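Peer 1: Spelled out from the first residue to the last, the chains are:
2 protein chains.
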Amino acid sequence: MPLHLIGTGLGDETDLTLRGIELIRQSDAVFLESYTSIPCAAGFLEKLQAITGKTVEPADRYFVEDATALVELSKVKKVSLLVVGDPFSATTHSDLYIRCKAEGVDVTVVHNASILNAIGVTGLQLYRFGQVITLCFWTDNWRPKSWFPVLEENIRRGLHTLILLDIKTKEVSDENLARGRMDTFEPPRYMSVHEGIAQVDLVARELGSKCINESSRMIAVSRLGSVKQQILHGDIRSWMARTPAEVADRMGEPLHSLVLPGDLHPCELEHLLTFPAV
Amino acid sequence: MPLHLIGTGLGDETDLTLRGIELIRQSDAVFLESYTSIPCAAGFLEKLQAITGKTVEPADRYFVEDATALVELSKVKKVSLLVVGDPFSATTHSDLYIRCKAEGVDVTVVHNASILNAIGVTGLQLYRFGQVITLCFWTDNWRPKSWFPVLEENIRRGLHTLILLDIKTKEVSDENLARGRMDTFEPPRYMSVHEGIAQVDLVARELGSKCINESSRMIAVSRLGSVKQQILHGDIRSWMARTPAEVADRMGEPLHSLVLPGDLHPCELEHLLTFPAV
Numbered sequence: 001m002p003l004h005l006i007g008t009g010l011g012d013e014t015d016l017t018l019r020g021i022e023l024i025r026q027s028d029a030v031f032l033e034s035y036t037s038i039p040c041a042a043g044f045l046e047k048l049q050a051i052t053g054k055t056v057e058p059a060d061r062y063f064v065e066d067a068t069a070l071v072e073l074s075k076v077k078k079v080s081l082l083v084v085g086d087p088f089s090a091t092t093h094s095d096l097y098i099r100c101k102a103e104g105v106d107v108t109v110v111h112n113a114s115i116l117n118a119i120g121v122t123g124l125q126l127y128r129f130g131q132v133i134t135l136c137f138w139t140d141n142w143r144p145k146s147w148f149p150v151l152e153e154n155i156r157r158g159l160h161t162l163i164l165l166d167i168k169t170k171e172v173s174d175e176n177l178a179r180g181r182m183d184t185f186e187p188p189r190y191m192s193v194h195e196g197i198a199q200v201d202l203v204a205r206e207l208g209s210k211c212i213n214e215s216s217r218m219i220a221v222s223r224l225g226s227v228k229q230q231i232l233h234g235d236i237r238s239w240m241a242r243t244p245a246e247v248a249d250r251m252g253e254p255l256h257s258l259v260l261p262g263d264l265h266p267c268e269l270e271h272l273l274t275f276p277a278v
Numbered sequence: 001m002p003l004h005l006i007g008t009g010l011g012d013e014t015d016l017t018l019r020g021i022e023l024i025r026q027s028d029a030v031f032l033e034s035y036t037s038i039p040c041a042a043g044f045l046e047k048l049q050a051i052t053g054k055t056v057e058p059a060d061r062y063f064v065e066d067a068t069a070l071v072e073l074s075k076v077k078k079v080s081l082l083v084v085g086d087p088f089s090a091t092t093h094s095d096l097y098i099r100c101k102a103e104g105v106d107v108t109v110v111h112n113a114s115i116l117n118a119i120g121v122t123g124l125q126l127y128r129f130g131q132v133i134t135l136c137f138w139t140d141n142w143r144p145k146s147w148f149p150v151l152e153e154n155i156r157r158g159l160h161t162l163i164l165l166d167i168k169t170k171e172v173s174d175e176n177l178a179r180g181r182m183d184t185f186e187p188p189r190y191m192s193v194h195e196g197i198a199q200v201d202l203v204a205r206e207l208g209s210k211c212i213n214e215s216s217r218m219i220a221v222s223r224l225g226s227v228k229q230q231i232l233h234g235d236i237r238s239w240m241a242r243t244p245a246e247v248a249d250r251m252g253e254p255l256h257s258l259v260l261p262g263d264l265h266p267c268e269l270e271h272l273l274t275f276p277a278v
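Each protein sequence line maps, in turn, to chains A and B. Residue 166 in this note's numbering is what sits at position 166 of the first sequence, and the numbering runs on without skipping anything. Residue 84 in this note's numbering is what sits at position 84 of the second sequence, and the numbering runs on without skipping anything.
With the rest of the complex left out, here is chain A (with noise of 0.2 angstroms):
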């Protein structure tokens, strides 16, 4: 029996392929995996089950990662695990892949568009992209900065930078932890692009960066790939004296990403001028 790992695309569940439909229907059991990505459409799940005929369940982390009762499972019955985006744009999906060929499941890929072309969408060519980073939330004791750096190299090598930012669902807080209560989740959180241009002004100036500073600008997409995707630029100075509630309402809902351009070809930039400033 076959795991069919199958990419939803970015926006909502007409950006499912005929083919990863098509599978979907010919599934015993569903799952949508929820936790390194979310569906930018309300009911999303509703109208997955709506197109397919099928029950679709959420899958946590706890349950991918674990991945024994999805490979088990797939021994016996033709198993589908839905993934936002593309399948392999998490490393989870990897180690999934790797147990299924150990244990002589096969595996089918449908893929879909994922952020990480998608971006090519604000005029910036995909091949002047160098390596992507994530910023992650910080807390009192852990502030890693280990992505400046890289941030730094591209833009010395005239490349763009794809910011992607944190997202956390299904936490258990230290005080829950501490207690054992393990089924008892914190509200799910998505950084916004406010924290994090204010994170990546934050590490420059910390760093005195010769190369990011309040003249850097920043380009911030939300929702991408969705119909309700939104496109706004501006250089840090410009972000930062709007305040979060400011950007909060014309970013608006989660998912939100980052692009801090390296050198812009003129069409590059006449393209993404077509987009308003914050």
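Just so you know, the hints here were simulated from the structure itself, not pulled from any lab data. The hints are all genuine.
It does not matter which identical chain is used: a pair holds within one copy or between any two.
Okay, derived cross-link-like pairs now, SDA-like style, lysine to any residue, Cα gap no bigger than 25 angstroms in a straight line:
#: 1; residue 1: K210; residue 2: P149
#: 2; residue 1: K75; residue 2: F275
#: 3; residue 1: K168; residue 2: P187
#: 4; residue 1: K228; residue 2: M1
#: 5; residue 1: K47; residue 2: R25
#: 6; residue 1: K47; residue 2: E22
Note that the coordinates shown come from a computational prediction; the quantities given were computed from them, not determined experimentally.
Given chain A's structure and the hints, the job is docking chain B onto it.
Peer 2: Chain B alone, transformed into the frame defined by chain A:
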């Protein structure tokens, strides 16, 4: 009236999204751009027509790059331009977008998988890729090597490099150009993985590269994202020990691409080794 830029994905007509199909059905004129990439599936155009009930016309470089005809048509009719992969994987479509915006034509974008994210199926993590490079067919007096420092820089940073290989469609030979025979085209040419690896090997030797040599691993993919995809790996020595015909036999029809991995995480290596060696 809008222009719809619709990604078809990488494989066959079943990789179309529901949204893409719906917009094609609503269109008065439908074109398939067929020079920055090609569909893997035989009879793709006819199958597209069968699914959508629309006549689909192939659009060559001259038609798309000139853009005037497309923009003018979009002012009076609903036009769809289908692009293999994702619409913004080639510069051309950004030019078209800018032209539309300048002339008051709305543009709808329907994203889909492209090789830039589907390459994750090799097991290499997408966030560990550096800048992508493209190899061109060399001629007697034009042998560009400007991609080589980018490749070396990626390796020095431990990053993987996706290497796209040249496509020549509807080329006019120098002789025909001189005689003014602008509508006599050379047969299409697609660089094969053997040619690509040989070019990397040659340049590495010529320039006395310190980080790319016979022991460097290369991953070759063909028809990526289609049901007929092929993934093989081996060091440059192993690849070059095969004749072009042997490699052509293993890899099959176009399109071919390469990856030169940087530092491989043990999980990436484990995933990669699930594919056969050359």
